[in-house]
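Trainee: Numbering (the numbering used here) for the sequence shown: 1 to 143.
No lab work stands behind these hints: they were computed from the structure.
One or more of the hints may lead you astray.
With a straight-line cut-off of 27 Å between C-alpha atoms, the simulated BS3-like cross-links for lysine-lysine are [said to hold, decoys possible]:
id: 1; residue 1: LYS85; residue 2: LYS55
id: 2; residue 1: LYS13; residue 2: LYS103
id: 3; residue 1: LYS44; residue 2: LYS85
id: 4; residue 1: LYS103; residue 2: LYS75
id: 5; residue 1: LYS3; residue 2: LYS85
id: 6; residue 1: LYS84; residue 2: LYS44
id: 7; residue 1: LYS3; residue 2: LYS44
id: 8; residue 1: LYS55; residue 2: LYS44
id: 9; residue 1: LYS44; residue 2: LYS13
id: 10; residue 1: LYS85; residue 2: LYS75
id: 11; residue 1: LYS84; residue 2: LYS13
id: 12; residue 1: LYS3; residue 2: LYS84
id: 13; residue 1: LYS55; residue 2: LYS13
id: 14; residue 1: LYS55; residue 2: LYS84
id: 15; residue 1: LYS75; residue 2: LYS13
id: 16; residue 1: LYS44; residue 2: LYS103
id: 17; residue 1: LYS44; residue 2: LYS75
id: 18; residue 1: LYS3; residue 2: LYS55
id: 19; residue 1: LYS85; residue 2: LYS103
id: 20; residue 1: LYS13; residue 2: LYS85
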Amino acid sequence: MSKCALAIDYGGKRTGLAICDALGIAAQPLPAIVSRDVIEVATKSITTARERGAKVFVVGMPFMPDGSEGQQAAKTRLFLAELKKHMRDDERIVEIDERYTSKEAHTLLREGGMTSAKKRKALVDSTAAVVILREWLVTGDRA
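Go ahead and model the full structure; you've got the sequences and the hints to work with.
Mentor: See below:
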């Protein structure tokens with residue numbers, strides 16, 4: 001059974017994506033979806049997952065530092081509702097706490113030699129999706 005999953009770091013303007021291989025070992029960033037249209041982001045996410053054989057959507061939930069849900073989490077919930085409208089019976093969503101993933105993504109990019117803040121901004125969302133996916137691969141429910 002394939003353990004391929006698509007991680008999604010949903011954002012208001014840019015949504016980061018990352019995919020893992022069929023064995024569930026390696027995670028790699030994909031081009032971000034640049035759109036404010038939640039329907040477009042959901043349908044492009046579904047299309048990307050299906051093209052790559054992913055049946056699991058690992059979605060980062062942007063909880064507040066105290067664990068509560070704020071405005072961005074509410075937007076992510078709307079995105080999840082739209083995503084569910086387009087899903088098949090054999091596809092599922094897993095939510096992962098994504099607190100601090102963007103900060104970790106910036107650190108990873110800087111440590112990788114990317115000193116330009118402008119260049120990091122273009123890649124940070126998909127790098128955050130890689131962080132989300134790695135967390136799920138290590139600790140998540142992959143049944």
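Trainee: For each hint, tell me whether it holds in the structure or not.
Mentor: Going down the list of hints, with the structure as the test:
1. LYS85 / LYS55: Measuring from Cα to Cα gives roughly 15 Å; hence the hint holds.
2. LYS13 / LYS103: holds, 18 Å
3. LYS44 / LYS85: holds, 13 Å
4. LYS103 / LYS75: Holds - the C-alpha atoms of LYS75 and LYS103 are around 20 Å apart, at most 27 Å.
5. LYS3 / LYS85: holds, 23 Å
6. LYS84 / LYS44: holds, 13 Å
7. LYS3 / LYS44: Distance of about 20 Å is within 27 Å: holds.
8. LYS55 / LYS44: holds, 14 Å
9. LYS44 / LYS13: Answer holds: LYS44 to LYS13 is near 14 Å, not above 27 Å.
10. LYS85 / LYS75: holds, 16 Å
11. LYS84 / LYS13: With a Cα-Cα distance of about 20 Å, the restraint between LYS84 and LYS13 holds, given a limit of 27 Å.
12. LYS3 / LYS84: It holds: about 20 Å lies between the C-alpha atoms, which stays within 27 Å.
13. LYS55 / LYS13: Satisfied, since the Cα-Cα distance of roughly 25 Å is no more than 27 Å.
14. LYS55 / LYS84: Since the Cα atoms of LYS55 and LYS84 sit roughly 13 Å apart, the hinted pair holds (cutoff 27 Å).
15. LYS75 / LYS13: holds, 12 Å
16. LYS44 / LYS103: holds, 25 Å
17. LYS44 / LYS75: holds, 17 Å
18. LYS3 / LYS55: holds, 8 Å
19. LYS85 / LYS103: With Cα atoms ~31 Å apart, LYS85 and LYS103 exceed 27 Å; violated.
20. LYS13 / LYS85: Judged against 27 Å, a Cα distance of about 21 Å means the pair holds.
Hint compliance for this structure: hint 19 alone is broken.
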